[in-house]
Amino acid sequence: MDGFKISNKSFEFLKNIFKDYYKNNIIDLPDRFGRREFAFLFFNGKGMVRHLSFNKKIIFNKFLINRYPAHCYYSSAYYTIPDAPTMQEKKWMGAELIFDLDSDHLPNAEKLNYEQQLNLVKKEFYKLVNDFLLNDFGFNEKYIRLYFSGGRGYHCHVEDPKILHLDSSERREIVDYITGRDLKEKLLFSEKITNTRKLKSGKNVPIEKTLIMPKPNEPGWRGRISRGLIDLLDEIRMSNDPVKKLQEYGVKNNAEKLISDLSDERINRIKEGRLDQSKTIRKFFLNNVLRKTAVTMSAGETDEPVTCDIKRLIRLPLSLHGKTGLKVIPLKIDELKEFNPLKNAVALPEKSVKIQLNQKFNIIMNDEKFNLHPGENEIPSYLAVILIGRKIATIE
Amino acid sequence: MTDLPVLAKYPFLKESKNYVKENEISIDELLNDSIYERARLIGIERLDNAFNKRDVGNRALATDYDCIMELLSYPIARMITVCIGDIYFKRSYALSEAVHSYNYLINESTSNLIKISDEFKFNIKYDKNNKKFLIYFTDYLKNAPTRYSQWKMINRVMENGYISLSSKDFTRIIQEALRSRINNELDTRKCSKIINESFKSDIIRLSKLIEKHRKKIEIEPMGSLDENKLPPCMKEILKSIQSGENVPHMGRFAMVAFLNSLKLNTSEILQLFSTAPDFEEEKSRYQVEHISGKTSSTSYTSPGCDKMRSYGICPTEKMDELCKRYRHPLTYYKVKWRNK
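These protein sequence lines are chains A and B, in that order. Numbered per my numbering, the first sequence spans residues 1 to 396. Numbered per my numbering, the second sequence spans residues 1 to 340.
The reader is advised that the hints may include incorrect statements.
[Claimed, not checked] From the derived model, a few chain B residues whose C-beta atoms are all more than 10 Å from chain A:
no.: 1; residue: N23
no.: 2; residue: K142
no.: 3; residue: K152
no.: 4; residue: G161
no.: 5; residue: S267
no.: 6; residue: L272
no.: 7; residue: D306
no.: 8; residue: K307
[Stated by the list, open to error] Heads up, incomplete: computed chain B residues facing chain A, CB under 10 Å, no partners named:
no.: 9; residue: L31
no.: 10; residue: T138
no.: 11; residue: T146
To be clear, the hints were calculated from the coordinates, so they are not data collected in a lab. Glycine is no exception: its CB is placed at the ideal position from the N, C-alpha and C atoms.
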């Protein structure tokens, strides 16, 4: 992480505002904090100070007030000696399972503005937590902690004692499950023999087979892939030019025939898993490109290295993100939908401050619309921190 | 289930160990008493079979005597393996015991399978209607051979954290659990002097066999690098570094760790990078020495294919047949090097 190369006055402003925050707010320490490593980045930009440990809450809060770090981290792992200088000497005891979803990692996110990115990440994050962690993996909600990261994403910590000892390659399997990697679609589609004929030798040979896919309400990936295919089918039917859409997916022959074959009734039967209703429909479900698309559409997203790393440093809940001034805030799954980081994670004061802006900037923060022009602007402190963090504003 | 044939078939069970304890058979008796001569012979037979056939071998279990000798031969074989000490032999012996048990387990009834699996404290349920074992996913991950695609978790049916398995697949899970338990036992125990003395000639004989076999399969490539034999990932990274392209940190790290594992020294590694237009000797030297453990507490090993893939530095479109067969860039290089 790079340091801030900004004016001295901006520097002082950030330091003071962070200092005040830590003076006025007591930061709770995570469970079993005495077994964890802590690490910090400061506004001097001199690199990470790590291998620290705290055994008392009061000492920790004093540290924050005296040093007002720009970024606070703690280990998802528990160690026998958390402040030992090397990882081997720390002696690993176990680690929570961490999922990190950041808009940087979503395809096409760079085309969206900050608010749109935050929304997209939220949708993906909900899918990850609800569809995968709660449903497929069956984690109890009491073991799942969700946080807004203070930046462009969300974190999920799974604290179920049953997973603390999983090693890195076992965690990688979990990531592969969620992201749909190496799914063998062939295992999901089967041909069922519906009619046989007896040969002279007495052997039965199949003469009629029917293609079956899992029902949409089946558990895990079986149901997921079939819901994905049905969604895809719906998307194609509802589009303005279904035939063209089909051709985009590589269905060149009989695209018109397929569309006319797909009556509502037939769609309902497809939802029961019965695919052999006409030659063209059968062919549609045997199409590999479409299957692959359905997998991608229904797969979850997560930052792989984070989840596989059993010694990861993660942002401390309720601390401030040094580049946005937003608070790392804990969330419940049902709060996620309504959660607006640009309102609910705002932790710094309203007090206005004069900044020099070097480009146009629009944002809605705390329900207020800001249309800022290059040059001098007087804005709330919480917004000034974001702009300085993005290196598009300074305090002169 | 205290019948002797079961104990003899599955000598790793706690019950089997208790049997030895309850009957107060001392090590001294086991090693010297002529009554146990047969157990000692079978112990050696287990090892020879493990070395030659990858299965410790079947023997008749018709009488109580047969069963007791079979049961006692297991701790003897295990103690000797510890004294031989060779890591490859330990692994291969553990596998042979596990395969041997699998061949018995596959014919067991559901209730026996469940009883035996209790030994490993799995979190399981049995679905009577569908005749499936439901195993909690962490136990599955610890034991399933997920390197094969049909064993990957994504290709299994999971509901509420439980993965459903056929009886045959569940038996395979027990086999793997057994294998890692034996490996663990072999790694944590120390060679006892008495065993070393009693089986001196067999230990020497087996050690020689193993050594010979090992030399055959293990000619290590070292020193100079043959760039043509590099796996596609390393070829890509090296090419990019040499042409001064922007290589992500993890890529540089993987490259240096890889070369370090091949025992190239700092200056040899630097020489490879020196053609880069942006080559800075001081900076590169610092990084190389850090990764090779010269200036840090750890000598890092080269990341495996899984990790390379996670970091997006495995050029999947350039994977070749060898890539598909091995799971580590170093293995790829070594195999290619050996087949020159």
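Do the hints match the structure? See the list:
1. N23: Answer for N23 of chain B: holds, closest chain A Cβ roughly 36 Å.
2. K142: 7 Å, violated
3. K152: K152 of chain B is in fact no farther than 10 Å from some Cβ atom of chain A, at 5 Å.
4. G161: Given that some Cβ of chain A is not farther than 10 Å from that of G161 of chain B, nearest at about 3 Å, it is violated.
5. S267: Correct as stated: the minimum Cβ-Cβ distance to chain A is 27 Å, above 10 Å.
6. L272: Answer for L272 of chain B: holds, closest chain A Cβ roughly 26 Å.
7. D306: Non-interface label on D306 of chain B violated, nearest chain A Cβ at 6 Å vs cutoff 10 Å.
8. K307: 8 Å, violated
9. L31: 38 Å, violated
10. T138: 5 Å, holds
11. T146: 5 Å, holds
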